[in-house]
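K.L.:
Sequence:
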Amino acid sequence: MSSSNAAQQLQETTKGRIAVGYEADLILVDSEVTVCKTIRQGKVVYEKSNMEMNEDEYKNR
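Oh and the sequence shown: position 27 is 100 in my numbering, straight run, nothing missing.
Mixed in with the good hints there might be a few duds.
[Unchecked claim] Computed cross-link-like contacts, PhoX-like style, restricted to lysine-lysine with a CA-CA straight-line distance of at most 20 angstroms:
| no. | residue 1 | residue 2 |
| --- | --- | --- |
| 1 | K88 | K110 |
| 2 | K110 | K121 |
| 3 | K116 | K88 |
Since the hints were made in silico from the structure, they are not lab data.
Could you build the full structure based on these sequences and the hints that come with them?
P.N.:
Next comes the structure, spelled out in structure tokens:
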């Protein structure tokens, strides 16, 4: 998934890409679209704990 088209439509010049000079806001999801990690302004603000992972998720992280 990408937000570059939305950022372009909203005329956001520092969002929508992973590149130098862009804001580092990311949401990482697994194959079931469960949020695993959220990064805001380059800092991890949420990370799914190992206690929440099932055995397959933990092995494949």
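K.L.:
Would you mind marking each hint as holding or not holding in the structure?
P.N.:
Now for the hints, and whether the structure bears them out:
1. K88 to K110: holds (18 angstroms)
2. K110 to K121: holds (6 angstroms)
3. K116 to K88: holds (16 angstroms)
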